[in-house]
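Protein chains in written order, with the working numbering: chain S, 1 to 309; chain D, 310 to 573; chain A, 574 to 1322.
By construction, these hints were calculated from the structure, which means they are not laboratory data. Just so it is clear, the structure is predicted and the values come from calculations on it, not from any experiment. Glycine residues also receive a C-beta, built at the ideal position from the N, C-alpha and C atoms. One should not assume that every hint holds.
[Unchecked claim] Here are a few chain D residues that face chain S, going by a calculated C-beta distance under 8 Å: (1) N371; (2) R376; (3) K405; (4) L417; (5) I419.
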Amino acid sequence: MNKQTRASSKTTDFDRLNRDWYIDKAVQILVFIGGISAIVFIIGIFIFITKEGMGFLLGDFSFKEFFLSPNWRPTSENKATYGILALIAGTASVTGLAMLVAIPFSLGTAIFIAEFATGKTREFLKITVELLAAIPSVVWGFIGLAIMNPLIIDIFDVPVGLNVLNAGIILGLMAAPIMTSIAEDALKAVPDRYREAAEALGATRWQVIYKVVLPAAKNGLLGAVLLGVGRGFGETMAVLMATGHAINIPGSVFDSVRALTATIAAELGETAVGSPHYKALFTIGISLFLITFVINLIADLVVRGVKKG
Amino acid sequence: MTTRENSTAIDTSLAISTRKLNLWYGTFQALFDIDLNIKQGLITSMIGPSGCGKSTFLRTVNRINERMDYVRISGEVDVMGENIFGSDVEMLQVRKQVGMVFQRPNPLPISIRKNILFGHTIHTGGKTGKAEQDEIVESALKQVLLWDKVKDKLDHKATTLSLEEQQKLCIARLLPVKPSVLLMDEPCSALDPKGTEAVEELLWELRGKYTILIVTHNMAQARRASEECIFMLMGKVIEHTETGEMFLTPKHKETTDYIEGRYG
Amino acid sequence: MNSAHKAGPVKIAVRSDNFHLWRGRKDRLASKIIGLGGFVVIAAVLLILFYLIYVVTPLFLSAKMSRTVLTDNPAWLKSETSFLALEEQQQVAFRITENGSAEFFRLNGLELLESTEIVSGGRNVAVAMGAQGDSGLVAVAFEDGMVSLLQNQYSTDFSAGVELRKIIPKLDFPYGSGQRELMPGGGITGLALSDNEKELVLAVAGTGGRVRFERSLKREDFLSGEVSLEISVSALDVAFEIVAITISNDHRWLYLGDESGRIHFISTANMEVIQVVQVSDTIITSMNMLLGGISVLAGDADGNVTQLFPVRGGGNQYSLKEIRRFEGQQAAVTRIVPEQRRKGFMTVDADDNLTIFHSTAGKVVLTEKLSGQPAALALAPRASGLLVLYGDSPAEFMDIDNEHPEVSFASLWSKVWYENYSGPEYVWQSSASSNEFEPKFSLTPLAFGTLKAALYAMLFALPLALMGAAYTAYFMSPALRRMVKPAIEIMAALPTVILGFLAGLWFAPFLEENLAGVLSMMLVMPAGLLLFAWFWTRAAQSARNLVKEGWEPVLLLPVLVVLGFVSLEFVGPLQDMFFKGDLRTWLSHEAGISYDQRNAMVVGCAMGFAVIPTIFSIAEDAIYGVPKSLSDGSLALGATSWQTLVRVILPTASPGMFSAVMIGLGRAVGETMIVLMATGNTPIMDWNLFEGMRTLAANIAVEMPESAMNSSHYRILFLAALVLFMFTFVVNTGAELIRQRLREKYSSL
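Next up, chain S with everything else stripped away, as it sits in the complex (with noise of 0.2 Å):
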């Protein structure tokens, strides 16, 4: 009797077991394929995008003259040149302004939240910043159109009012909330027992902050920068609004320049399918992609705080 009850006990047992473990396994396979069919489609994209931009690169023209000629002339009639250094040029003095403007503003404001503010003044300053990061890229154009544009004429004297300047001060606070954001959380993530440390010992609360919190906080704060200078380089429509539409190496933040995205955006429409023209932007668009990708890249190992030697 002793010996049928155990066997019987034993199946129930086991198909319990059965059951429970392949729903289990069942729905890691669904989870599995949400997660893995993404990776799946960027490689794809990926794929696509090099296929149609090598054929550009590795048959019409040189590497060398890509990306160091100045001359952007795709539509020229007599010889049509593909140069991207200007661009390159008006997407880096952009973003630099950029950053510029940002780090200061973002870094004062994630130090003040994290360590100053309190209670109502944090919620408050909070929803100031969110409310930044809300204004939708459009509008930001519009703002460099409308406003920035007569403004700089008028202070500054200038004949045109869309240029670097321009564009990397909308630039500038366009990348400021997201920067505050990351930078206020590694500010947040230094441990207390630091501060406490360094206060019992006898430091003034700048003291503590400049000494302490922000040395343990650099590699989160050196990500929030790379995280915004990412930004900056992908930026379409508010760079688009704002750079004007000159293709040229800026001498000065008044110059109005061209960014790659903008060019990608402003031409991809009109040009042939396939044709050298339409091979080149998807370069640029494989490079854009590549740097941004280095970028995000090394603002990720950075935060994880990867030590290097």
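Fit chains D and A to the supplied structure of chain S, relying on the hints for placement.
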């Protein structure tokens, strides 16, 4: 011992003296009319069940409780004869006098050397030369019996040390600032028996030169490592006597109950 | 109290040396500067917000009117005015006196510039009527039944400079100075005219219910360029007294108002009464056509004004429908004056009240009590000024500030019955070439489009991103995770321009070609993978040992690709069986679901891609951050991994996951580039997955560069931006609040 006699000869004033000290966390009262006189140069321990107010008291002495907005304090606290709440007293100066070691070792995430010099640098503005700095570092580490172990890795991050070494480091970094009182909030609770022994040894070395107030959950530690003992319960001081006396002949029933383990 | 440096204990220093004082001050200074950083951010936000609001506010401000009394009436103004008009610059006015003189006068000082007898010898005027629009054509009907056509023209003399420009009036007779006999015997009570390129049309109503309709077809001689008129006259006799008569601008319809409150809707082709509509219980006191000549405005003795226009029904039959009623007057409506360039109009009632309305917005813009019952009224072409003649009392000039009458909450957000539509609709159609176009500013289709795009994008992105995050954070081997996580985050670097372009130019046609295949992929792949997994569990242990624990996903990659390929290629027979060979045509022809190449599915997938990395990142961090101890505890109780994931891990990570979803949603709502390139930008209101949409963001991007600064269109686009802004802000803030609540509920740390 010589040091002790010396200290009593030079100055009979108390290291810490409080009168009618009350503290509220918001609406919750944590300390009730604390009147304590802690003698200089001694190791005094504070014992009592969880939540009785020992840590709160400790943190009041170096005014680090005030980091939180909702703390309210009334009463007087004198450290080395000065009222620490006086209107002309800078909080930062109080902290120079009163060093604190925390329950969980919290060396700053910088090198060992920089940890030791941190307090010193902020209080002197970094005007000391390298030679003098080296001296300070060596002296501090020697006092905490850590010099031999770390003298070759002064530039390594302090967080790479073992827990017990970290705690010693935390004690060491207080020394260059030349405090007169050392407050210790359960300094050994994160350490293993060997570490605990090492730190207790160190404390015994330091007494006389410094007044040490140590909060501990471990009655055995209080018994073996302190000279005077304070028993607190529910925010009030129940008893404050010489350690040996407290454990052998406690004067209050609550003390007896606690010591005999009737509640923890 | 000095700090003595003794060997032992040291006293606390009070009033310490300068260094420490300075340290404290530096501390406070630093806090202030940092605070400044924070406040600059606030300032920037507030400035932008205020600027947006500043541009939008005039839309909702009420109109204003101010009056100026002109000099006392000079002698020449004593005669009665049959017709009054004002020119563009509001400097010179034109009137026709009751005894047949056409006069131009300057408003400033009421200086008479010239006076011409229309018919030599003078003739008494019965009725005079101007044509719609800017032509300046006026028909004058005399008491003897003859009608003259003349034109008031103006030119500007800039010889003295722009500031001192002079307006030079000219009286013209474009159709000859002769007269037409329209109503033999006289007795003309009403007159209507309409002139376009093809023909000139005149209609007169006389006593005893007589109607005469004259159509003059214009024939242009190709060689000489001369225009000759081919005139035809039709007559109609009705049994009632005609109170008012108007013609539509396409010359197809004639409207007669009677004393019983009815409008007779007549087709001019055969002069037949198609329909009689009862608009009021009392007399129709005034009738006129709105700009564009489509809508009829009828005012009655009770002060009501009704707007009607013909609506096409089944079988090409037209019926006159009552569109809306305006209640703004208390007494009988004595005049209805349409604006020359907008769809607004004014009425005057028997109590001397002047009311300005706007038809599309369906609202009363302004009411003002006049100084008396006007003898004659002229509205300036830009509707910014009104000249009122009072007979004996001095004339007055009213300055009108009514910039945005077409905007009201109703016109922006509810269904409006626009001209030529068969019913009220939500339409966004902001401009066309002519003034006569009725601007349709409903934001509803745009808001709907934004939501539609965002929702489909989320539908696509959420399962992938959240499941991916859960798998990566919880089940995946750490080594694989270190590769996968950055890979997905790379996606974030993909410029949306490229995504949009790919979606519009590659995916959209591909989807149209292979609709069945793509849809089947979504079913086949999960099913196939599950099947594969089942076989895998049955496989020999030796085979399974080939794959390391946690690395199974890599194995499934090729399976996935194969399944995808299979479903695309082999869906043919299925299609033949169920869908008559092609799913896409079946959808539009058999199922009645219209299919647009650039549709919501394309946008959903593309935008989904754009937001997946964001959602994945944040959700994955949240799930990964749940302490292992919780998981251990649950598994120790005997729960399966799935149960642990769903009941323990996910709830704990819910604040972060919720945050991720909300931020993704916020991004989807504001995304412009992809929508621009991947949809046809059709502002429709339909949840149909296979149709496009137009979003607020895309609309702003497309229309902003072309809108006239400070026009209603411009300001409404800013309003759209404000709406978008507010929405994103609400979503973000709401997300933050709920996140805090969730954090409190599930905090375990």
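Hints and how they fare:
no., hint, in the structure
1, N371, "holds (6 Å)"
2, R376, "holds (7 Å)"
3, K405, "holds (5 Å)"
4, L417, "holds (6 Å)"
5, I419, "holds (7 Å)"
Checked against the numbered hints above, the structure violates none of them.
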